[in-house]
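Chemist: Spelled out from the first residue to the last, the chains are:
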Amino acid sequence: MMTKDSQEVHSRPFAASGIIALSIILLVISIFLAISLGAADIKLSVVWSAIFHFDSSNIEHQTIMELRLPRVLGGVMVGASFAVAGAIMQGLTRNPMADSGLLGLNSGAGFAMAICFAFFPGLSFMYLMLCTFVGAGIGAGMVYGISSLTRGGMTPVRLVLAGAALSALFSALSEIITLHFNIGQSIAFWYAGGVAGTKWSQLLIMFPWVVAALLGAIIISRSISMLSLGEEIAKGLGQRTKVVRLVATILVLVLAGSAVSVVGPVAFVGLLIPHLARYLVGVDYRWIIPCSAVLGSLLVVLADLSARIINPPQEVPIGALISLIGIPFFLYLANKERREL
Amino acid sequence: MIRESIPEALKIRQKSTGWLVMTVLGLLIIAMFVLSMNTGFIHLSPLELWETLLGHGTAKQELILLQFRLPRIVISVLVGAGLALSGCIMQGISRNALADSGILGINAGAGLVVVLFVSTYSITAEVPKFALPFLALLGGGATAALIYTLSYRRDGGIQPTRLILTGIAVGAGISSAMIVLMLKLSEQNYKLVSLWLAGNISGVTWRDVVSLLPWIVILIPYVFTKSRFLNVLSLGEARAKGLGVSVSREQLKLLAVAVGLAASSVSVSGGIGFVGLIGPHLARRLVGSRHELLLPTSALIGSLLVITADTLGRWVLQPTEIPTGLVVAIIGSPYFLYLLAKAKN
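So the protein lines, in turn, are chains A and B.
For the first sequence, position 276 matches number 426 in this note's numbering, and the numbering has no gaps at all.
For the second sequence, position 334 matches number 1181 in this note's numbering, and the numbering has no gaps at all.
Errors might be hidden in some of the hints.
[Unchecked claim] Short, incomplete list of chain A residues facing chain B, as computed with Cβ under 7 Å:
#1 268
#2 271
#3 307
#4 311
#5 312
#6 326
#7 330
#8 333
#9 460
#10 462
#11 480
Just so you know, these hints were derived from the structure itself, not from any lab.
All residues carry an ideal CB built from backbone N, CA and C; glycine is no exception.
Required output: the full structure, derived from the provided sequences and hints.
Modeler: What follows is the structure, encoded as structure tokens:
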């Protein structure tokens, strides 16, 4: 299902660490750019002094600290989360089309969100996030359940089809809840997908989960490399595949769930980035995972920046923007995999 | 993905069974009409309905029946039939059991053009309704052409699964474009468009009926005349060619008709999916695979489905009216998943 190279795991540590270092530099540059550009442009020197010598009486400093910085950091976390979740899923399922948006996780999380807004208004962000974990789990569980029930087992296509149908179901249900409880106003901004409203309090709650899950992903990355060779080979190499799968699934739910709770159901980051990472650093997940994290952050931060500067003062939802990049890529994958279809 | 094996495609049910099934479906539609009148914010009991139909009702009852409910019911019947037939044709020519104008993204394409058009009008101006089906046809046709081109391979022609995956992706792209467009709308127009997208037939009037009726009335008989060709085609392209049918030209004509039926329906009802999937499937179970029976039965099931969904939408969560498209999605997506699970590869 993957390319021929995956027959043998070969990594290129020097090239890979170079690429990751370069990506980190790009990410830092784009973070500074994203803070300084926008409805009101702020000089980079002011950005620097706002971060390192904060002056609460300075309006530009306030804009940076209260609006731009949390937004950009939100983008960093969300991008890393979606991308690493996608990378793990692709390695685990050996399915090149795996992505939390395509496999029902995002719409399940969205449904959980709608229920929370309707029945438990004023729920704290912490519980909201835990609910989206559960929702993502239900969505993923249903897609996998259905596609493994099918005669002939799961194929990439079946997963995508099941994901599409389930997303239709969940979004219809969410929309009915939204209509009935008249919560359209409060939830619409979130569905459109964007990091615009990210608050420090949200970031602080989300941060430990995301960091823990990313570390977890790096810790099990070697096992994921083995699993990506196939269940049999991994077992032969002494992997306890069930444990690895369980841990990896939990990591995916935490990553996708917390990202969705901040940014809304943004698809295609998890599809696009791991492929790019695999292209750059080879097929070893010890390199793919950190590289995906950095590139995912870069993509979301840049998408958010473009969303702000394309047509100010209006903002384009980054979900839509990323889809426009992601869809041609999806089509490419769908065509490439034709022997499978 | 799901190909009818040849013996199954040739499975012929008695004609009398077909007529019986169609009669029962017709009766069910009438029963649902009566039930539909008896539910909702303002309702007419069956007796009042009968009196009103005979012309003995009060002015208020006549107003409710003639101005509010009847156009809505007629639209449900027409849209259901149009979408189901469109799905039936697409499944026939692609020999893919999961084909449906909604899943293939054609509804979304038709919708995008309609939304673009409606949103450029101010809310007070009357939109020229008759133009909408044409615009929808333009959007749906362009989308169909795009999907067809993207999934065409010189070596292997059109493969059913690739067609569907491409359809899903193109549909997602159109939805993204729609989200971006909707941001520019005024609040009033935004509400209008989002209701429309959810598949809403609550606000329809006789003008909508008049704009949709010619399409359905002209295209449905045409489809029926092609039922024998669809039978031949369901045996497989090679066999159809062997039987002397100019396959690709006929396929293209029928595809155009299918897009026309779906697009004109969607231009009035908004985004209602899954009808084209469910109608033909249930019909095939009831009357077998011969298109002489399959086509009319699909159309009747489609009508019944939409009118039922519309009634449920008004009744289940009163006073909130659930847009019909959402009810159909809640019935339709589990059915899609069931088909997917059952499919042999």
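Chemist: Run every hint past the structure and note whether it holds.
Modeler: These are the hints, each one checked on the structure:
no.	hint	in the structure
1	268	violated (12 Å)
2	271	violated (17 Å)
3	307	holds (5 Å)
4	311	holds (6 Å)
5	312	holds (6 Å)
6	326	holds (5 Å)
7	330	holds (4 Å)
8	333	violated (12 Å)
9	460	violated (9 Å)
10	462	violated (13 Å)
11	480	holds (5 Å)
In summary, the numbered hints that this structure violates are 1, 2, 8, 9 and 10.
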